[in-house]
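Need the complex rebuilt from these two chains, each delivered in its own frame; the hints are there to steer you.
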Amino acid sequence: MDHAAYSSSTSFGNRNVNCNNVTNNHKIVNVNKVIADENPGVVQWLSPLDPRGRHQDVRTNRLDGVGNWLLETKEFGEWRSGEGGADRAVLFCYGDPGVGKTYLR
Amino acid sequence: MIDALCDEPSEEDIAIAMFYCDFRDQQKQTTTNIIGAILKQLLVRGEVLEDVQKAFQKAKKEVGGRGLRLPDMVQMLEQAIATLPQVFICIDALDECIPKHLLELLVSLKDIIRKSPRMRIFVTGRPQVEAEITRQFTNSVIVPISPKAHDIKRYLENKLEMDTEHYAMSDGLRADILTTIPERISGMCVGASIVPTSLCMVLY
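Listed in order, the protein sequences are those of chains A and B.
Numbering follows our numbering, with no gaps: position 89 of the first sequence is 89.
Numbering follows our numbering, with no gaps: position 172 of the second sequence is 172.
With the rest of the complex left out, here is chain B (with noise of 0.2 angstroms):
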């Protein structure tokens, strides 16, 4: 997604900003931390920058050093994001978040986008948060995903031309894998025992 909007003919500048959520990282990726993150990635105009440099001066002052807390960085990021021409924000994997700093994220968003309506996100996870998204974005805009026949086979066509062993294959077993394993996934349920775990593992 943020290959695709760099590379798209635009003549508006953009700013984008992305986060991997990860469960193996659950503690350490609080809500302000995941909003810090995406911060850093929009200082690109300096007038933010100085308060975002007055702020960290000030609290190296106080004791421990210590964060901002979410509602000023939620705040900073708004500032952020007004200095800039268009801004996308891409977030993976929510329902990796714990639903704490879930619920935390969607509200904070929910306040940056009233702020900055031109603001695009852009959100993936598995069905289960779908509730939760709705509940807070009403009219968000709602993608199922599925593997597609043509893009498994692109995929395995890579994977086949890129084997190091390809003595082992012969014309006949290729043409059987680019036609069945395609036909089985699409439209079936991923995750069931008749694809290669690799194969999961890798498009996920």
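In isolation and in its complexed conformation, chain A is listed as follows (with noise of 0.2 angstroms):
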């Protein structure tokens, strides 16, 4: 994505805040609830960075079901459940390009 891409994202990605967390419950704390959207000055010098109209476009892109199989392994549930603690707090998954790795569910 280019810089113009991003700081597009930027300007209109407010709005879509909640969109990024479409979910039928209530558990989910943010991403970037009204806090932070009343405070673009802030926001903004936080980090000119908004990864969330990139997140946008991997949501849309993604199919359904692609790469559920890492939920079911016994890595991601241990990672998951937080049993290692610190010392077990990074999951990281590799390959090469084009594996599928951003779009993993």
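Worth flagging that the hints you see were computed from the coordinates, not collected in a lab.
Beta carbons: idealized from backbone N, C-alpha and C, even for Gly.
Some hints could be false.
[As the list claims (entries may be wrong)] Derived Cβ-Cβ restraints for the label pairs, each shown as a range:
hint, chain 1, residue 1, chain 2, residue 2, range
1, A, G82, B, S146, 25 to 33 angstroms
2, B, L160, A, P40, 43 to 51 angstroms
3, B, K159, A, G84, 38 to 46 angstroms
4, A, E38, B, D163, 41 to 49 angstroms
5, A, G77, B, Y167, 45 to 53 angstroms
6, A, Q44, B, Y167, 48 to 56 angstroms
7, A, G84, B, D51, 51 to 59 angstroms
8, B, T179, A, D57, 25 to 33 angstroms
9, A, K74, B, F23, 27 to 35 angstroms
10, A, G84, B, D163, 42 to 50 angstroms
11, B, K100, A, E38, 28 to 36 angstroms
Written out as structure tokens, the structure is:
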């Protein structure tokens, strides 16, 4: 994504905030709830980068069900459960270009 | 991953921040800017926001309205995470960061985990960043990603279904596509000439 695309997503991104977390429940605390949106100056000062535009692209292009196998692995389960504490806090998925890392559900 | 975390049934509140590294944006994607982009997604509780606003007002008075330094940014992110029940940070394509930023980012994340051991971090990248990740996070959970035959079949079925020139397709050709391509791709190194480029692009 080039700079122009990034800045355009910055300017209109705030209105789309809640789309990023389209869920049918209320357990999600963010992404970028209103608090940040009411403070555009501060948010821009914190970082000129806004990943939400890119995230929306990925969501749009992702095919449901593809990559679900990861969620069934014992590695994912262990990481998600938090049992390992700080020691096992990082889940790293690696692969060559094109294998679908970005589109893991 | 983000959608999976959002959708899973869970009693507890979770907060998710994400970041996509992009080699075309390397210069702008400094560690400070990346941590800042994560922080702004987690600014959901008032008390941290007040601190951030104070720092912002202070910075505005200084020459050039300068931004936060990395240690300050990391500290604010730690503060923000401490106010939330459980935080997930997802970062895609670490290999697209320049090495200096990658190292700084991993070290910063390590500091943050030390303060918030419940936090979970999901990262993806090409195999060459594995060494640096395991150097910083000795016991990280590592999963190799390869295209799965049923995922590819599903993807192809969808593409064929959505093909606007469907009259050019016969049942025989369709069946051939759906058996041959998934068989050849799964388990082999993607990037070899047999994989249509468009498929590579979209899967990535």
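Here is what the structure says about each hint:
Evaluation of the 25 to 33 angstroms hint for G82 of chain A and S146 of chain B yields a pass: the beta carbon distance comes to about 27 angstroms. Take L160 of chain B and P40 of chain A: their Cβ atoms lie about 44 angstroms apart, and the range 43 to 51 angstroms holds. Our hint of 38 to 46 angstroms for K159 of chain B and G84 of chain A holds, since their Cβ atoms are close to 39 angstroms apart. Our hint of 41 to 49 angstroms for E38 of chain A and D163 of chain B holds, since their Cβ atoms are close to 45 angstroms apart.
Between G77 of chain A and Y167 of chain B the beta carbons are some 46 angstroms apart, a value that agrees with the proposed interval 45 to 53 angstroms. For the hinted restraint 48 to 56 angstroms between Q44 of chain A and Y167 of chain B, the CB-CB distance of approximately 51 angstroms keeps it satisfied. Separated by about 31 angstroms at the C-beta atoms, G84 of chain A and D51 of chain B break the suggested range of 51 to 59 angstroms. Checked against the hint of 25 to 33 angstroms, the C-beta distance between T179 of chain B and D57 of chain A comes to roughly 31 angstroms, which is consistent with it.
For the pair K74 of chain A and F23 of chain B, the supplied restraint of 27 to 35 angstroms holds, since their beta-carbon distance comes to about 33 angstroms. Under the hint 42 to 50 angstroms, the C-beta atoms of G84 of chain A and D163 of chain B, about 46 angstroms apart, fit the expected range. For K100 of chain B paired with E38 of chain A, a C-beta distance near 35 angstroms keeps the hint of 28 to 36 angstroms intact.
In summary, the one numbered hint that this structure violates is 7.
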